[in-house]
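Peer 1: Here is how the chains run, residue by residue.
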Amino acid sequence: MSELITLTIDGVEIKAEKGTSILRAALENGIYIPHLCDHQDLTSVGICRVCLVEIEGRRPTVSCMTPVEEGMVVTTSSEELDMTRKVNMELLILHHDYDCQNCAKNSYCKLQELTRYVGIDEERISAMRAPALDFPIDDSNPYYQRDMNKCVLCGICVRTCEEIQGDECIDFAFRGIETRISVLGDKPIIDSTCVTCGECVSRCPVGALVPQKAIEPTYEVETVCPFCGCGCNILVGARGGKLVSSTAVEDSPVSGGSLCVKGRYGLSFVNSPERLTTPLIRRDGELVEASWEEAISLISEKLGQYKGDQFATIASAKCTVEDNYVLQKFTRAVMGTNNIDHCARL
Amino acid sequence: MYERHILICAGTGCISSGADKVQEALIKSLQEHNLQDKVRIIMSGCHGFCEKGPLFIVFPEDVFYCGVQAEDVPELVEEYLIKGNMVERLLYKDPVSEEIVINHDKIMFYSKQQRLALRNCGVIDPENIDEYIIRGGYLGLKNALKMEPSEVVEEIKSSGLRGRGGAGFPTGMKWQFCLSSEGAKKYVVCNADEGDPGAFMDRSLLEGDPHAVLEGMMITGQAINADEGYIYVRSEYPLAIQRLRTAIRQAEEYGMLGENILGFGFNFKVKIKEGAGAFVCGEETALLASIEGRRGVPRHRPPFPAVEGLWNKPTVINNVETLANVPLILRRGAEQFASVGTEGSKGTKVFALTGKVNNTGLVEVPMGITIREVVFDIGGGIRFGKKFKAAQIGGPSGGCIPEEHLDLPIDFDSLTAAGAMMGSGGLVVVDEDTCMVDLARYFLSFTKKESCGQCIPCRIGTNQMYDILEDITEGRGKPEDVALLEELATAVKKGSMCGLGQTAPNPVLTTLRYFRDEYEAHVNEKRCPALVCKPLLQYYIDAEKCIGCQRCIKACPVDAITGEKKQPHEIDQELCTQCSACFDACPKKVSAVVVVSEGLKTEEEVEVCEEGCKCQS
Ligand SMILES: Cc1cc2nc3c(=O)[nH]c(=O)nc-3n(C[C@H](O)[C@H](O)[C@H](O)COP(=O)(O)O)c2cc1C
Ligand code: SF4
Ligand code: SF4
Ligand code: SF4
Ligand code: SF4
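Going line by line, the protein sequences match chains L and V. All residue numbers for the first sequence refer to the working numbering, where the first residue is 1 and numbers rise by one. All residue numbers for the second sequence refer to the working numbering, where the first residue is 1001 and numbers rise by one.
A couple of the hints might just be wrong.
Unchecked claim - Computed far set for chain L versus chain V, every beta-carbon distance over 12 Å:
| id | residue |
| --- | --- |
| 1 | T8 |
| 2 | S77 |
| 3 | D139 |
| 4 | S140 |
| 5 | D147 |
| 6 | S202 |
| 7 | G257 |
| 8 | E274 |
| 9 | T277 |
| 10 | W292 |
| 11 | S297 |
| 12 | G304 |
| 13 | Q310 |
| 14 | A315 |
| 15 | T320 |
| 16 | V334 |
Said to hold, decoys possible - Computed list of lysine-lysine pairs in DSS-like fashion (alpha-carbon distance at most 30 Å, straight line):
| id | chain 1 | residue 1 | chain 2 | residue 2 |
| --- | --- | --- | --- | --- |
| 17 | V | K1271 | V | K1142 |
| 18 | V | K1449 | L | K86 |
| 19 | V | K1185 | L | K18 |
| 20 | V | K1021 | V | K1083 |
| 21 | V | K1478 | L | K86 |
| 22 | V | K1588 | V | K1565 |
| 23 | V | K1589 | V | K1565 |
| 24 | V | K1112 | V | K1093 |
| 25 | V | K1449 | L | K187 |
| 26 | L | K318 | L | K213 |
| 27 | L | K329 | L | K318 |
| 28 | L | K110 | V | K1449 |
| 29 | L | K110 | V | K1493 |
| 30 | L | K18 | V | K1313 |
| 31 | L | K262 | L | K105 |
| 32 | L | K187 | L | K105 |
| 33 | V | K1106 | V | K1093 |
| 34 | V | K1493 | V | K1478 |
| 35 | L | K86 | V | K1493 |
If you are wondering where the hints come from, they were derived from the structure by calculation, not from laboratory data. The structure presented is a predicted model; accordingly, all values stated were derived computationally and were not measured. All residues carry an ideal CB built from backbone N, CA and C; glycine is no exception.
Please model the entire structure based on the sequences and the hints provided.
Peer 2: Quick look at the structure:
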């Protein structure tokens, strides 16, 4: 346990571990400081300027970049801070395609949350010069959509891609009001080195990065991703008997809340009409539907002709852990061989 | 044995006005008269008086010829060098008294200056280390090498030197932080990015006295225990880069750079990194990111570079001019340095004096000199006898100081108190013909483009302020805009991360503070009192003066002018685009075209005609 520091925020005395930022210390202690670009999984950068606070004896500064110090006296709201923050939010909204009704992030949106908290002066916004928001929507990736008219340039996606995925395929580009998140050569995202892990999509605080065809599930079940041997924990969401979503389990001991393209976007095969629903037996070179009894008796008849190392099993990583357990038991105990492997690389 | 030395200024300004051709002509002419062994030509660094270049100064008698072109050289050689007759037309004429001044140090432009940082500029050949050494060069380093690092830091502290790159942070204190930071590896970085439009003090120093900067860096190295330095210099400064490379090579050859410098066991090497032109890369943390090969954007401080700098190692980053002052302090002592200047700001400051003054150029003045002295004595007053209106000090993020503050002493604190700042030393003088709203718009057009785009207030706020200013200057201002501008400017200043955003609103805030009536005239009456904002002007032809010469008719690009020959002409206000072509075309003796700004009609006054348009006629 590292050293505990005592400080006061808005008159409330709190304790926090040394090295924690004022912002995270406040949040851990149930004190809300509005913020946008800070994310608990990522390095803090202090660029959105929303979490501005006053610290006794210093000039106002961002709380996400200031580590707690013994005896610090922090104020999160004053006339000056509130005004600066308000104008900040108003400027942001002015340059945001504010169309919540048609936005996939509606009601999960950090910008909505902030706007509600900070409050904005509609009159001042209408006195400002509104820009044309006409970035084309980047629909090139089949799994997620990029709408830079909604991007608030928090840089969370950039840091996610760099720090979590290690891919570094997106970054800030251009300067001034032209600044946007882009890929090398300012091309559509599909022409970049993006591996569609969706990590950035899951962290984007607004509707700038959203899954294609997002459907809200009515219930979710926690399970293990069926694809590879990593076995990441996932929350599978269903609606009307159909699988509609898959998200990472944040505190998964296996994956720490990360997923890859398959676990996040690759489960739609479950709903495919091409899925097999009965066993198939090849008769005269044609695969024809059969009953389970027929299939099992055919297999046992054929396997009965072999024993020991004449035999080998290739299992599938798509099967459940339980299925594979039974399969190896069968191979070893019934068939009498250790020849078993599986395709963990799918 | 040479009888005479001729200094020809080879700064970038004089080169572009033909100094190299003057040199060629002089070599040729001297040879023709067989004087090549009697007269030595020295191509020097910038003398600061770029306006009057190319400069041609003859020693030992110190005769100052200016505006010399190659074709003037034979006359100078024959008449002056041989016969001893002054070539009067090339001598300097005081713009105020109209008297001829022969000697260079009698010219007001120079006599009020105190050239400490620029001590060698224009005096020595910057490509010759011996000339630097003869004038006391590298003695400061030698003194420093005899001292403990902490003693060197103390010396700088007691000199009162503050950073010349903009913020005016006490240099000794910065070094102290870095010296106290733990770590075996430390760096010295010289900030030679000089991104302010119109600024050229650092360029002149690098071109005119590169060794002073190198020596300053080495002394810094000794003070903080660093053995490596970087010079981050704009790639738009090829001559400075070339001279720096030459200086580094020569210093290495002389054992002044490299291993075991001057036998004191001190090692130091210097690398040059060329910047790619982003203004924000002059900000220290952005600069360090750029050296490291990352996108050049500022980061939050603390940690300051003195604690966590280049490659996360403790780093002192200082401006060119700051570093050029350092050898002087170590050579002549802190006390002598501190004897110049004011209580809080010691020494001198180099300014790039431009705008509507008679003498523009590079000037170095003691801290505490008044704006009046700079504008009227050194600058020789306002051109064409016009009236002074304001001095814009501190580069694009500086503020406008009005006439009532002409006696303000120039130092870090008084400028900040007046809403301006020392900045890196831009000083633009504007006269009565300048519209302050338009001026603010102009500076914002620079800063909004150069914002790195990270912070919401700076990225969007500067752009928003610009859009509003543009609307105001084009007649679309609304009464509530003035208050809105003020609110935005304050939020951007308070909310931004780095100096760019924190200072970009200064031009708006100071013009609002000192020239609010001009804003109000624009938004409330749709008038531009300085007659600058085109959409707010009206052009008329004074029928009594018009001689009917039809020149304006030919000049008008939109055929807005009609009139028979020898009959008064008339401008159709509906067609006129305020391009000023008629005004320029009307013979000066006649001057029948008049420009006024009487106010556009307001929304209610505009009658909607049959076509439904809202034209101003
Ligand atoms: C936007 C911006 C641009 C800057 N450009 C320069 C520059 O071109 N040259 C410079 O020396 N300092 C520049 N600075 C100041 C540096 O950040 C830093 O304060 C300075 O190099 C420190 O040196 P000094 O203490 O010797 O002045 C700039 C600062 C900002 C915020
Ligand atoms: S991103 Fe948020 S604020 Fe923007 S439209 Fe979507 S829900 Fe609304
Ligand atoms: S989906 Fe993954 S790889 Fe692609 S940009 Fe986002 S974080 Fe980077
Ligand atoms: S796309 Fe989303 S996460 Fe990325 S910068 Fe924009 S708002 Fe932030
Ligand atoms: S203030 Fe402007 S230039 Fe500085 S970091 Fe913020 S956005 Fe970039």
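Peer 1: Run every hint past the structure and note whether it holds.
Peer 2: Status of the hints after comparison with the structure:
Listed as a non-interface residue, L:T8 keeps its Cβ farther than 12 Å from every Cβ of chain V; the least gap is roughly 21 Å. With a minimum CB-CB distance of about 14 Å to chain V, L:S77 clears the 12 Å threshold, and the non-interface call stands. Interface exclusion of L:D139 from chain V stands, the closest Cβ pair being 25 Å apart, more than 12 Å. With a least beta-carbon separation of about 24 Å from chain V, L:S140 lies farther than 12 Å from that chain, consistent with its non-interface assignment.
Taking the minimum C-beta to C-beta distance to chain V, about 18 Å, the non-interface status of L:D147 holds against the 12 Å cut. Look at L:S202: its CB is around 23 Å from the nearest CB on chain V, clear of 12 Å, so calling it non-interface holds up. Every C-beta of chain V lies more than 12 Å from that of L:G257, the closest at about 26 Å, which supports listing it as non-interface. At roughly 46 Å from the closest C-beta of chain V, the C-beta of L:E274 stays outside 12 Å, upholding its exclusion from the interface.
At the 12 Å boundary, the C-beta of L:T277 stays outside the reach of chain V, the nearest C-beta of that chain being 54 Å off. No beta-carbon of chain V comes within 12 Å of the beta-carbon of L:W292; the shortest separation is about 61 Å. Every beta carbon of chain V lies more than 12 Å from that of L:S297, the smallest distance being close to 67 Å; the non-interface claim holds. With a least CB separation of 67 Å from chain V, L:G304 remains clear of the 12 Å interface cut-off, as annotated.
The Cβ of L:Q310 lies farther than 12 Å from every Cβ of chain V, with a closest approach of about 60 Å, so its non-interface assignment holds. For L:A315, the non-interface assignment is confirmed: its Cβ lies about 47 Å from the closest Cβ of chain V, beyond the 12 Å cut-off. For L:T320, the requirement that its beta carbon stay farther than 12 Å from each beta carbon of chain V is met, with the minimum near 46 Å. With a closest Cβ-Cβ approach of about 61 Å to chain V, L:V334 is found to remain outside the 12 Å limit, as its non-interface label requires.
Taking the CA atoms of V:K1271 and V:K1142, the gap is about 22 Å. The hint holds against a cut of 30 Å. Distance check on the hinted pair: V:K1449 and L:K86 sit about 24 Å apart at the alpha-carbon level, within 30 Å; holds. Pair hint V:K1185 plus L:K18 holds up; C-alpha atoms about 27 Å apart against a cutoff of 30 Å. Proximity of V:K1021 to V:K1083 is assessed by CA-CA distance (about 23 Å); at most 30 Å being required, the pair is judged to hold.
Between V:K1478 and L:K86 the alpha-carbon distance is near 22 Å, which keeps this suggested pair within the 30 Å criterion. Proximity of V:K1588 to V:K1565 is assessed by CA-CA distance (about 19 Å); at most 30 Å being required, the pair is judged to hold. Straight-line distance between C-alpha atoms of V:K1589 and V:K1565 comes to about 18 Å, which keeps the hinted pair within the 30 Å bound. For the hint linking V:K1112 to V:K1093, the alpha-carbon distance of about 17 Å falls within 30 Å, and the restraint holds.
For the suggested pair V:K1449 and L:K187, the alpha carbons sit about 23 Å apart, so the restraint of at most 30 Å is met. The hinted pair formed by L:K318 and L:K213 meets the criterion: a straight-line CA distance of about 25 Å does not exceed 30 Å. Note on L:K329 and L:K318: the hinted pairing holds, with a Cα-Cα distance of about 18 Å set against a maximum of 30 Å. With a CA separation close to 28 Å, the supplied pair L:K110 and V:K1449 stays within the 30 Å bound.
At most 30 Å may separate the alpha-carbon atoms for a hinted pair to count; L:K110 and V:K1493 meet this at roughly 25 Å. A distance of roughly 22 Å separates the Cα atoms of L:K18 and V:K1313; the hinted pair therefore holds under the 30 Å criterion. For the given pair, L:K262 sits about 23 Å from L:K105 by alpha-carbon distance, which is consistent with the 30 Å threshold. The suggested pairing of L:K187 with L:K105 holds, with an alpha-carbon distance near 25 Å, which does not exceed 30 Å.
This hinted pair checks out: V:K1106 and V:K1093 have alpha carbons roughly 11 Å apart, not beyond 30 Å. A hinted pair counts as satisfied when its Cα atoms are at most 30 Å apart, and V:K1493 with V:K1478 qualifies at roughly 23 Å. Between L:K86 and V:K1493, the direct Cα distance comes to roughly 14 Å. Compliance with the 30 Å bound is thereby established for this hinted pair.
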